Amino acid sequence: RKEVEQDPGPFNVPEGATVAFNCTYSNSASQSFFWYRQDCRKEPKLLMSVYSSGNEDGRFTAQLNRASQYISLLIRDSKLSDSATYLCVVNSRQAGTALIFGKGTTLSVSS
Amino acid sequence: ETGVTQSPTHLIKTRGQQVTLRCSSQSGHNTVSWYQQALGQGPQFIFQYYREEENGRGNFPPRFSGLQFPNYSSELNVNALELDDSALYLCASRDGTVGNTIYFGEGSWLTVV
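Just so you know, the sequences run in chain order A and B. Here our numbering is used: the first residue of the first sequence is 231, the next is one more, and so on. Here our numbering is used: the first residue of the second sequence is 53, the next is one more, and so on.
Treat the hints loosely; a few may be bogus.
Output of the computed footprint for chain B on chain A, the stretches with three or more beta carbons under 8 angstroms from beta carbons of chain B [said to hold, decoys possible]:
1. 265 to 277
2. 328 to 337
Listed next, with one range per pair, are the computed distances between beta-carbon atoms [unchecked claim]:
3. A:Pro238 / B:Thr153: 23 to 31 angstroms
4. B:Leu91 / A:Lys309: 21 to 29 angstroms
5. A:Tyr281 / B:Ser59: 32 to 40 angstroms
6. B:Leu119 / A:Gly284: 24 to 32 angstroms
7. B:Leu91 / A:Arg296: 27 to 35 angstroms
8. B:Thr163 / A:Asn285: 33 to 41 angstroms
9. B:Val165 / A:Cys270: 20 to 28 angstroms
10. A:Arg296 / B:Asn129: 35 to 43 angstroms
11. A:Asn252 / B:Asn129: 35 to 43 angstroms
12. B:Asn107 / A:Tyr281: 23 to 31 angstroms
13. B:Leu119 / A:Ala247: 45 to 53 angstroms
Listed next, the in silico BS3-like pairs over lysine-lysine satisfying Cα-Cα at most 30 angstroms (straight line) [what the hints assert, rightly or not]:
14. A:Lys275 / A:Lys309
15. A:Lys309 / A:Lys272
16. A:Lys309 / B:Lys65
17. B:Lys65 / A:Lys272
18. A:Lys333 / B:Lys65
19. A:Lys275 / A:Lys232
20. A:Lys232 / A:Lys333
21. A:Lys333 / A:Lys309
22. A:Lys275 / A:Lys333
Derived from the structure by calculation, the hints contain no laboratory data. All values reported here derive from a predicted model rather than from experimental measurement. Even for Gly, the Cβ is constructed at its ideal location relative to N, Cα and C.
Only chain A is shown next, with the shape it has when bound in the complex (with noise of 0.2 angstroms):
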């Protein structure tokens, strides 16, 4: 079992609409969570950090379920600029500082 997987893709939506993406993780040691999105051939770029109690930066929401061992993020009113692969992140102190990816779910908007 892979230790971050994530909603196979892709996702083709239109503009405006709601989108959400789902992550399990498998060790339960993980203490760091992110989301980071990556245009075609670019390094990959934090969109945000996901904790505990939920955040939200605009139009992005994130949400973390430990006892499930689940994140997701969702996005609202989907712009044409937030076609990318998104990326479900963890790290664990066993790790030290290495972040452990998943897969990548492809987002496409269109108009």
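Given chain A, put chain B in place with the hints provided.
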């Protein structure tokens, strides 16, 4: 933007050859990690250096090796290249404090033919 620069940006090597990829980090960023991202996959952790010593390694064979230098630059060396080594290689740096942001370089695209 991130202060992390990688070179070369693209290169093509032949199976069996050796390659050295370079990374230059921000001043004060004494932790550097390298990741391999194959097409359609997420980045995979190769190894990490802290103050010029390797202090973490992923599931990669010994032919993947690295160096970190006092001037915050680092290298990834891969010997005996295989076709499956074709990937984007990403360098990431941070200042070593837990919780601080990790900064990725734009990566080096390696194609092995």
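Going down the list of hints, with the structure as the test:
1. 265 to 277: With 6 residues close enough to chain B, the hint holds.
2. 328 to 337: holds (count 7)
3. A:Pro238 / B:Thr153: 23 to 31 angstroms: holds, 29 angstroms
4. B:Leu91 / A:Lys309: 21 to 29 angstroms: Distance hint for Leu91 of chain B, Lys309 of chain A holds at roughly 26 angstroms.
5. A:Tyr281 / B:Ser59: 32 to 40 angstroms: holds, 36 angstroms
6. B:Leu119 / A:Gly284: 24 to 32 angstroms: About 42 angstroms separates the Cβ atoms of Leu119 of chain B and Gly284 of chain A, which means 24 to 32 angstroms is violated.
7. B:Leu91 / A:Arg296: 27 to 35 angstroms: holds, 33 angstroms
8. B:Thr163 / A:Asn285: 33 to 41 angstroms: holds, 39 angstroms
9. B:Val165 / A:Cys270: 20 to 28 angstroms: holds, 22 angstroms
10. A:Arg296 / B:Asn129: 35 to 43 angstroms: For Asn129 of chain B against Arg296 of chain A, whose Cβ atoms are near 39 angstroms apart, the range 35 to 43 angstroms holds.
11. A:Asn252 / B:Asn129: 35 to 43 angstroms: Cβ of Asn252 of chain A to Cβ of Asn129 of chain B: about 38 angstroms, so the range 35 to 43 angstroms holds.
12. B:Asn107 / A:Tyr281: 23 to 31 angstroms: holds, 27 angstroms
13. B:Leu119 / A:Ala247: 45 to 53 angstroms: holds, 47 angstroms
14. A:Lys275 / A:Lys309: With Cα atoms ~18 angstroms apart, Lys275 of chain A and Lys309 of chain A stay inside 30 angstroms; holds.
15. A:Lys309 / A:Lys272: holds, 19 angstroms
16. A:Lys309 / B:Lys65: Not OK: Lys309 of chain A and Lys65 of chain B at ~39 angstroms, beyond 30 angstroms, violated.
17. B:Lys65 / A:Lys272: holds, 21 angstroms
18. A:Lys333 / B:Lys65: holds, 26 angstroms
19. A:Lys275 / A:Lys232: holds, 22 angstroms
20. A:Lys232 / A:Lys333: holds, 10 angstroms
21. A:Lys333 / A:Lys309: holds, 23 angstroms
22. A:Lys275 / A:Lys333: Measuring from Cα to Cα gives roughly 15 angstroms; hence the hint holds.
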